[in-house]
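Kindly generate the complete structure, drawing on both the sequences and the hints.
What follows is each chain in one-letter form.
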Amino acid sequence: DGGITQSPKYLFRKEGQNVTLSCEQNLNHDAMYWYRQDPGQGLRLIYYSQIVNDFQKGDIAEGYSVSREKKESFPLTVTSAQKNPTAFYLCASRGLDLGGLIYNEQFFGPGTRLTVL
Amino acid sequence: KQEVTQIPAALSVPEGENLVLNCSFTDSAIYNLQWFRQDPGKGLTSLLLIQSSQREQTSGRLNASLDKSSGRSTLYIAASQPGDSATYLCAVKSPETGNQFYFGTGTSLTVIP
Numbered sequence: 001d002g003g004i005t006q007s008p009k010y011l012f013r014k015e016g017q018n019v020t021l022s023c024e025q026n027l028n029h030d031a032m033y034w035y036r037q038d039p040g041q042g043l044r045l046i047y048y049s050q051i052v053n054d055f056q057k058g059d060i061a062e063g064y065s066v067s068r069e070k071k072e073s074f075p076l077t078v079t080s081a082q083k084n085p086t087a088f089y090l091c092a093s094r095g096l097d098l099g100g101l102i103y104n105e106q107f108f109g110p111g112t113r114l115t116v117l
Numbered sequence: 001k002q003e004v005t006q007i008p009a010a011l012s013v014p015e016g017e018n019l020v021l022n023c024s025f026t027d028s029a030i031y032n033l034q035w036f037r038q039d040p041g042k043g044l045t046s047l048l049l050i051q052s053s054q055r056e057q058t059s060g061r062l063n064a065s066l067d068k069s070s071g072r073s074t075l076y077i078a079a080s081q082p083g084d085s086a087t088y089l090c091a092v093k094s095p096e097t098g099n100q101f102y103f104g105t106g107t108s109l110t111v112i113p
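Residue numbers (my numbering), protein chains in the order written: chain G, 1 to 117; chain X, 1 to 113.
Since the hints were derived computationally from the structure, they do not count as laboratory data.
Only a predicted model underlies this, so the values are computations on that prediction, with no experimental measurement involved.
Where is the CB? At the ideal position from N, CA and C, for every residue including glycine.
Take these hints with a grain of salt, some might be off.
The calculated lysine-lysine pairs, modelled on DSSO-like cross-linking and capped at a C-alpha distance of 30 Å, are [as the list claims (entries may be wrong)]:
| no. | chain 1 | residue 1 | chain 2 | residue 2 |
| --- | --- | --- | --- | --- |
| 1 | G | Lys57 | G | Lys14 |
| 2 | G | Lys83 | X | Lys1 |
| 3 | X | Lys68 | G | Lys71 |
| 4 | G | Lys57 | G | Lys9 |
| 5 | G | Lys57 | X | Lys42 |
| 6 | G | Lys71 | G | Lys9 |
| 7 | G | Lys9 | G | Lys83 |
| 8 | X | Lys42 | X | Lys1 |
| 9 | G | Lys70 | G | Lys57 |
| 10 | G | Lys70 | X | Lys42 |
| 11 | G | Lys83 | X | Lys42 |
| 12 | G | Lys9 | X | Lys42 |
| 13 | X | Lys1 | X | Lys68 |
| 14 | G | Lys57 | G | Lys71 |
| 15 | G | Lys57 | G | Lys83 |
| 16 | G | Lys70 | G | Lys9 |
| 17 | X | Lys68 | G | Lys83 |
| 18 | G | Lys83 | G | Lys14 |
| 19 | G | Lys57 | X | Lys68 |
| 20 | X | Lys42 | G | Lys14 |
Pair ranges (Cβ atoms, derived) [what the hints assert, rightly or not]:
| no. | chain 1 | residue 1 | chain 2 | residue 2 | range |
| --- | --- | --- | --- | --- | --- |
| 21 | G | Lys14 | X | Asp67 | 45 to 53 Å |
| 22 | X | Ser12 | G | Asp54 | 15 to 23 Å |
| 23 | G | Lys71 | X | Val20 | 37 to 45 Å |
| 24 | X | Thr110 | G | Gln41 | 33 to 41 Å |
| 25 | G | Arg44 | X | Asp39 | 18 to 26 Å |
| 26 | X | Arg72 | G | Lys14 | 27 to 35 Å |
Short derived list, chain X residues pointing at chain G, Cβ under 10 Å [said to hold, decoys possible]:
| no. | residue |
| --- | --- |
| 27 | Asn18 |
| 28 | Leu44 |
| 29 | Ala91 |
| 30 | Asn99 |
| 31 | Phe101 |
Right, here's the structure in full:
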């Protein structure tokens with residue numbers, strides 16, 4: 001089955017600790033995205049990547065870091081610098097057409113719920 | 001910056017009723033608009049994608065329309081069922097935002113049996 005997997009489903013972090021959320025896709029998509037979702041708010045973009053070894057900051061990148069060493073993987077690290085990390089984190093991917101213009105739809109993983117203890 | 005609004009925030013309807021969900025955006029120069037469904041505690045499921053050159057898209061009981069000039073999209077759900085209960089979100093991508101999608105806050109739909 002093609003799709004996007006995220007792990008773990010639930011994650012608990014102590015104060016001052018870094019944690020890494022996993023996102024893997026087997027859709028052969030070039031673009032991958034990380035979003036944060038808080039109650040009553042829409043999804044907000046943290047980071048995105050269009051190709052391997054390249055990524056750009058979204059609207060709320062402070063306190064987060066990413067890497068894109070493989071096309072199918074886009075892990076997100078929530079660092080201790082992120083003051084309010086408790087949220088639902090969603091990973092998404094999308095294909096790119098040959099012209100580099102992005103018309104294809106986004107597909108989402110099941111999410112990781114992070115709670116700070 | 002593109003702003004996306006979904007009104008109402010919540011909606012309850014009796015089973016079998018037809019209903020319309022609304023999505024408004026401030027910048028009419030968009031590449032596309034996508035409608036999603038989200039069940040509690042789950043990821044987003046893509047429902048329909050409308051390209052900027054299209055006026056509507058249909059999938060089963062769902063029909064999405066796009067009016068770029070007025071900055072609006074509607075999602076029409078025919079003959080609603082309890083299984084349609086979920087939060088519905090729209091997202092737009094425009095040249096101004098580069099490769100980013102901007103999401104509305106969603107409409108929480110409850111279909112009462």
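Taking the hints in turn, this is what the structure says about them:
1. Proximity of Lys57/G to Lys14/G is assessed by CA-CA distance (about 25 Å); at most 30 Å being required, the pair is judged to hold.
2. Restraint check: the Cα-Cα separation between Lys83/G and Lys1/X comes to about 25 Å, which is no more than 30 Å; the hinted pair holds.
3. Under the criterion of a C-alpha separation no larger than 30 Å, the hint pairing Lys68/X with Lys71/G is inconsistent with the structure, at around 34 Å.
4. A distance of roughly 24 Å separates the Cα atoms of Lys57/G and Lys9/G; the hinted pair therefore holds under the 30 Å criterion.
5. A threshold of 30 Å between alpha carbons decides the hint, and for Lys57/G with Lys42/X the separation of about 25 Å falls inside it, so the pair holds.
6. Between Lys71/G and Lys9/G, the direct Cα distance comes to roughly 22 Å. Compliance with the 30 Å bound is thereby established for this hinted pair.
7. Taking the CA atoms of Lys9/G and Lys83/G, the gap is about 21 Å. The hint holds against a cut of 30 Å.
8. At roughly 28 Å between alpha-carbon atoms, Lys42/X and Lys1/X fall within 30 Å of each other, so this suggested pair holds.
9. Restraint check for Lys70/G and Lys57/G: satisfied, since their Cα atoms lie roughly 18 Å apart, inside the 30 Å limit.
10. Note on Lys70/G and Lys42/X: the hinted pairing holds, with a Cα-Cα distance of about 26 Å set against a maximum of 30 Å.
11. In summary, the hint linking Lys83/G to Lys42/X is supported, as the alpha carbons are separated by about 24 Å, within the 30 Å threshold.
12. Note on Lys9/G and Lys42/X: the hinted pairing holds, with a Cα-Cα distance of about 10 Å set against a maximum of 30 Å.
13. Note on Lys1/X and Lys68/X: the hinted pairing holds, with a Cα-Cα distance of about 16 Å set against a maximum of 30 Å.
14. For the given pair, Lys57/G sits about 18 Å from Lys71/G by alpha-carbon distance, which is consistent with the 30 Å threshold.
15. Between the alpha carbons of Lys57/G and Lys83/G the distance comes to roughly 18 Å, so the proposed pair stays at or under 30 Å and holds.
16. With a CA separation close to 22 Å, the supplied pair Lys70/G and Lys9/G stays within the 30 Å bound.
17. Of the pairs offered as hints, the one joining Lys68/X and Lys83/G is violated, with about 39 Å between alpha carbons and a cut-off of 30 Å exceeded.
18. A hinted pair counts as satisfied when its Cα atoms are at most 30 Å apart, and Lys83/G with Lys14/G qualifies at roughly 12 Å.
19. Between the alpha carbons of Lys57/G and Lys68/X the distance comes to roughly 28 Å, so the proposed pair stays at or under 30 Å and holds.
20. Our distance criterion of 30 Å between C-alpha atoms is met by Lys42/X and Lys14/G, whose separation comes to about 24 Å.
21. Distance hint check: the CB atoms of Lys14/G and Asp67/X are about 50 Å apart, consistent with the given range 45 to 53 Å.
22. The hint said 15 to 23 Å for the Cβ distance between Ser12/X and Asp54/G, and at roughly 45 Å that hint is violated.
23. Take Lys71/G and Val20/X: their Cβ atoms lie about 40 Å apart, and the range 37 to 45 Å holds.
24. Look at Thr110/X against Gln41/G: about 20 Å separates their beta carbons, and that is not inside 33 to 41 Å.
25. In this structure the supplied range 18 to 26 Å holds for Arg44/G paired with Asp39/X, their Cβ-Cβ distance being about 20 Å.
26. The supplied range of 27 to 35 Å is broken by Arg72/X and Lys14/G, whose beta-carbon atoms lie about 46 Å from each other.
27. Residue-level restraint check for Asn18/X is violated (minimum Cβ-Cβ distance to chain G is 25 Å; threshold 10 Å).
28. Taking 10 Å as the C-beta cut-off, the interface hint given for Leu44/X holds, the closest approach to chain G being about 4 Å.
29. Nearest Cβ of chain G to the Cβ of Ala91/X: about 7 Å, under the 10 Å cut. The hint holds.
30. Taking 10 Å as the C-beta cut-off, the interface hint given for Asn99/X holds, the closest approach to chain G being about 6 Å.
31. Interface restraint check: Phe101/X against chain G, minimum CB-CB distance 7 Å, threshold 10 Å, status holds.
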